[in-house]
Amino acid sequence: VRRNSWRIEDGGRIDRTQPLRFHFDGAPYEGFAGDSLASALLANGVRIVGRSFKLHRPRGLVGGWSEEPNAIVQIGRGAHLVPNLKATQVELTEGLEARSVNCWPNARRDLFASLQLLAPVLPAGFYYKTFKWPSWHWYEPAIRRAGGLGAAPALPDPDRYEERHEHCDVLVIGGGPAGLAAALAATRAAARVVLAEDRPVLGGALQWEEHLIDGQPSTEWVNAAERELRATATTRVLVRTTAFGCYDQNLVVLCERSAPSARAAVRERLWQVRAKQVVLAAGAIERPIVFPENDLPGVMLASAALSYAVQYAVRPGRRAVFLTSADSAYEAAAALQARGVAVAAVVDTRPAPGPASLAARGAGIPVIAGHAPLRAHGGRAVEAVEVCPLGGDGHRWGDGPARLLGCDLLCVSGGWTPTVHLYSQAGGRLCYAPERAALIPATDLGGLRCAGAARGGFSLDRCLSDGFAAGYAAARLAGATALPGAAPTAAAASLAGVAAFWASPRDRRARAWVDLQNDVTRGDLELAVRENLRSIEHVKRYTTAGMAVDQGKTSNMNALALLAELTGCDIPSVGTTTFRPPYDPVTLGVLAGRRVGGFYHPLRQTPLDRWHLEHGGIMEDFGGWRRPAWYARAGCSREECIRQEKRAARTAVSLFDGSPLGKIEVRGPDAVTFLNRMYVQDMRTLAVGRTRYGIMLNEHGIVIDDGVCMRLAADHFVVSTTSGGAGRVFAAFEEWLQCEWPELRVLVTNVSSAWANVAVAGPRARDLVERLDTNVDLSAEAFPHLGIRCGTLAGVAARLARVGYTGELSYELNVPAGYGRSLWETLLAAGADFGGQPIGVEALQQLRTEKGFLHVSTDTDGRTVPDDLGMGGIVARKAEDFVGRRSLDRPDARRTDRLQFVGIAAEDPAIVLPVGAHVIARLRPPSGSEGFVTSSCASEVLGRSVALGLVRAGRSRMGEGIHVYSVGQVWPARIVSPTWYDPSGARLRA
Amino acid sequence: VLRHWAALDECVEGDRSATIEAPGLLVTTRARHDLLLLQGDPEDVAFRDAVVCHVGFALPGPQCSLSLGGRTLMWMTPREWLLDVSDSDRNGIHTALTTAFAGTLAAVTDVSHALACFELSGPRVHEVLMAGCRLDLTPAALDPRRAVCTLVADIPTIVWRRGDSSDVCCLVDRSYAGYFRTWVACACASVFGY
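Heads up: the protein sequence lines correspond to chains A and B, in order. Here my numbering runs 1 ahead of the position in the first sequence, where the first position is 1. Here my numbering runs 4 ahead of the position in the second sequence, where the first position is 1.
Mixed in with the good hints there might be a few duds.
The calculated label-pair distances, taken between Cβ atoms and stated as ranges, are [as the list claims (entries may be wrong)]:
hint, chain 1, residue 1, chain 2, residue 2, range
1, B, R7, A, G617, 20 to 26 Å
2, A, C740, B, Q67, 19 to 25 Å
3, B, G28, A, H138, 40 to 46 Å
4, B, T103, A, T793, 36 to 42 Å
5, A, R596, B, T103, 44 to 50 Å
Calculated directly from the structure, the hints in this document are not laboratory data. Think of the CB as a built atom: it goes at the ideal place given N, C-alpha and C, for glycine as much as any other residue.
Pulled out of the complex, with its shape left as it was, chain A reads as follows:
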C-alpha cells in the first residue's frame, strides 16, 4: 500500500486519525477521511489519472470539483458500478474501488496511446469525412471501442432513490461566501429558505482560502453561519446537493447525494423546489490558458492546486510555476510556497501586474511580467515551461529571449468564468464585461438574481456584501419583512484584477488544447472556421468542444474567445452555446426516483383483487388494471387452464370480474342529444330499460372506444366504456360539454370505481342468477337480450344488464364495490353444481374472438373508421351529426380498398395464425402487406383455429384464398366472416 508520500505534514480538513484504504486501477492506496478520490490519488503521487477521449493522451488532474475534465473514473463493481464520475467529486470511503475509463489496461500504461500517431488524420470531424467509404458502419464498431467513457452496469440498479417537493420563499444555490451571506440575510428576514451546496461542506472557496470575516477566521465564520442556518426551523440546509436545472416559474431541480454512510438507505434524492425567489451564488470557475502542450499531467488550475494544498494537505507538486493573467494566482502562489512547494516564478501576461504582485515579490517569489507560455515540456508529466515576452498588444510575441523554467507543477489562471448556467436556463441574457474578462448576467430576472462571483464579483468583500444584499432583496420580494441586520464584511478587500488573455500567440507546429476532455485543439477550431462554420453552436457540434461529462466548464469561454478572434468578431457577437439542464451529470436513477418496480406506474386493483390472488389468478397489467389473465390449477398448463375456463363458459356458466369497465352516468334533459352526438349509433331511439352498443370516434373519424349505452330513464343513461378507456372517454365528454356544447343541459359523473361488475355468462347463467335473491324478473320475455334493469340482488342495490362479451347468454351484475367480493363468492358457491368457474382475461379474449366481437385497439388501429368495421350502413342511416362524421366524408375514408375487419381461416385448422402475421400479396418477395392478423386462438368448440384481422378490401373478398406470413413462414388461408361462433345469435338471446 502506498501511503501519502505527497501529503503535507499538518493542516488540511482531513481526519488523519481515520486512514482509508482504496484501490485505483487495481493498485492499493491509502488516504484519509475527508479526502476526495482526487486528493487521495495526488497524495499518493498518482499523476496520470485518465486518458483523453480521442487520442488517449495521458492526463492529470486539472480542477478541484465539477470542472475537472480529465479524471473520469468508474467506481464499484457489478450492480453497484457507477461510471463517469469525476474523481474530484468522489468522497473517499473505505474499500473504494475506482478505475480509469477509456484506456487499457490502465491509465498509466494505455495500449491505445498509439492512436496519437494517427493524430494528423484524426482532426475535428474526421468521422464525417475520413470513414465514408465504403461505409461508416465498417469502422464504427472499432472506433466506438477505442473511444467512449465508462461502461454502464449490466445489472439492475439495487440502490434506492427518492423524490421530494419543497416550496420556499428564497432558494439560495451555492454555499460559498456569497451564498451563505444570502441565506443568512433571507433567514434573518424571516423568509422560508432552502440553501443548496454542491460540495459535502459549506464554505466554497473559504475551505482553502484564509481570510478574516467580521473579525474572525473565515472557517469560524462559516461554522457560525451554518449553525445559525441549521438552528432556524424555516431554513433547510442541503449539502452534497447540485442544482442542475431551472425551469419555468422558478422550479429548480436539485440532486442530493447521500453521505457515504447513508447511501444504503437512499443513494440520491431529487428535490423539486418551487421558490418565490432564487439567489444564484454558484461562484465562478477558474479558466485555463491555451498554449502548446498545455495538457501534460501537472498542468493544473491555480485554485485547484491551492485547494489540494490547503483543504486536503496535499502537495500537488514540488516545484511550481504559475502562469496567470489574474491577481488571484498570487495568493495561491504564496499559500503553496508556505506549504513547502517551491514556487519558481509567477509568469504574468500583464506587463504591469500591479499591487497583487508585491506580496509575492515580498515572499521571495520571482515575478516575470509581460510573458506568456511558449510551450510546456515533458513526456508523461510536465517538466518545464518555456516562456517568452509578449509584444505590446499581448497577441504577438515580443522581443527578448525565451526562458525555460523547470517545474513539475504548472499552475494556470486565465481569470474566472461565472457559473451562470442556471441563470441562462431561466432565460437570462449574458453580457461581456471586458474589465473582468467574463460573461456576466446582464440583469436580474423577475424571480432569479445572481450574487457574488456568479455575478462577476470575484473578491471576497464583494461576494459577502453582494450575497447579503441579494438574499435580503429576494426575501423582501417574497414577502418577508424583518430586517436582517448588517452584512458580514471581510477584513481587507482582496484583489481581483484580471486581463483578458485566452491563448498564447499561435504556434502552428504544436498542439494547444482548448477542450481537454474531447481533445479539441486550437487547430480544430481553425479547421472549423476554414470549413465555414461560424455559429458557436455549429463549431461546438463539429469539434465537440464543450461536450461530454464536464460540459466544457473550463473550455467554453476560451473556445468562444478564440472563435471570436478567428472570425474577426467580438465576443458578444459570437454569443454562447445554449445552457441546458443538467448543469452536472445526474444519474438516471434519481430521475426515475421511486417510479420503479411496483411504483413504475400506479396499477389499479379491482374489488376482487385479493380473491384472484388467493385463488391462483395470474395477474397482469391490462389497461392499467391488475387483472387475472387466467387461473392456475394444479397439474394444468396455461393453455389447459384457459381451455377449461372457456369450456365452462360454453357449456355451463362462467364468472368474469368486469369491475374495471368504465361506468359514466349521463344525466339531464339533453342527455340523449349529447350521447347521440358522441356515438356513431343512433341513441335517440334507445328505449328506457334497453342498452345499445356504440362506437366513439375522434374528430378524424377514427374509432377510439366502444361500449354500451344503457338508458335507465328518459334523462338518465349509464355509459359502459372499455376498461382502459374510462378516463379518456370521461375527459372527452367533459371537453365537448364544456368547450363545444355548453348549451346542452347535461351532467356527467364517472362512477367506474363505485360499482363492482360480475359478468355471468353461459347457458346456465339465468339459472345461476335466479338462485340469488332478486326482485328483477329474469325471464327471457321480461328481461330480453340488451335489457337493463335496476333492482336488488341479495339485499343490495344492483343494476343488471343482459349484455356480454362471450357470445353466450350473459348478465352483467353491478353492485356497490364493497359488495363485489361477497357477490362473487355467493355466485361461485351457488353455481358449483353447474360446473361454474371464474375465467380470466385470456379466456374472455378467446371467447370474443370466436364470436367475432371487436376489441378496440386490438382489432383496430389509429386508422380504422366505422366502415372498416362494417358499420358504414349505420353511419349512412343516421341523420344527425356526430363527432368525427365530417371526416368520414374524406376521400380516403371512402376508399374501397381500405383495411377491413374480417375473419381469417387457416386452411389447416390446426394452425393458430400468429397475431401480427401479415397477409401477403405474393408468395415471393418482395411482397407488400395486404393486412394483418389482429386476434387469433384455437377453438375447442369449433374444432379449429380462428382468427380475426384487417385485410385490404376484405369484405369484398369473402372466400378468397390468401397467404399469411410471419417470421419466414407462410400459411395458406381464406377470408371468411368474422362471426365464427353462433352466427344467428340464438345463444345470446336465449
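Assemble chain B onto chain A, guided by the hints.
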C-alpha cells in the same frame, strides 16, 4: 345478504390494515364512510337553496370545506361538491336531494364505494405527502378546512385538512387504495430515514 368489504381488505400486499405508525405520523383509514357527490350550477338559486335546505349549510367556495353537525361539504370543481355524511343518514339526504334536484340540472350520486379514505395525523404529515405531491401542504400553506384536488404519488387525490391541527384526510379512488397505502409506507421510510 352480501358482506361489505373495505377497500384495503380487498388488497393483498403488505399489511391489510391501513395503520402506519412513524415518528410524527399516524395513518389510519375509515372503514365505512358515506359520500355523496353533488353536481349543479352554483349560480342556480334553486340548487343553492336545495343544498342549504337539505344539507344544512351553503356551498363552500373554491378549495374550501364547511362542516356542521357531523356533515362536511367540500368544493371539488366549480360545479361539484363532495358531501361527507358519515354521522347522519346517507339514504335520507340522498333521497331528499334526489327529489329536490328532480327536473333541474343538478344531481346527487352516491360515491361511498368509489373512494377510500385515509386519515393522516401528526406534525410530519406534510413531509410524507410532499414526497409525492407538488403542492405546498405545509400547515402554513394549507389552511385549515382547505380541500384540494391534486396528484399524490401520481394518482388523483383529494387532500383535505380537516381542522386546525395538521391532520389531513386523503381520499383516493378505491382501486388505488392498496397502491396508496404502500406508497405512504415507502414515503415514511424516505422521510424518516429507515
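To see whether the hints hold, each was checked on the structure:
no., hint, in the structure
1, R7/B - G617/A: 20 to 26 Å, "holds (22 Å)"
2, C740/A - Q67/B: 19 to 25 Å, "holds (23 Å)"
3, G28/B - H138/A: 40 to 46 Å, "violated (60 Å)"
4, T103/B - T793/A: 36 to 42 Å, "violated (20 Å)"
5, R596/A - T103/B: 44 to 50 Å, "holds (47 Å)"
Hint violations for this structure: numbers 3 and 4, all remaining hints satisfied.
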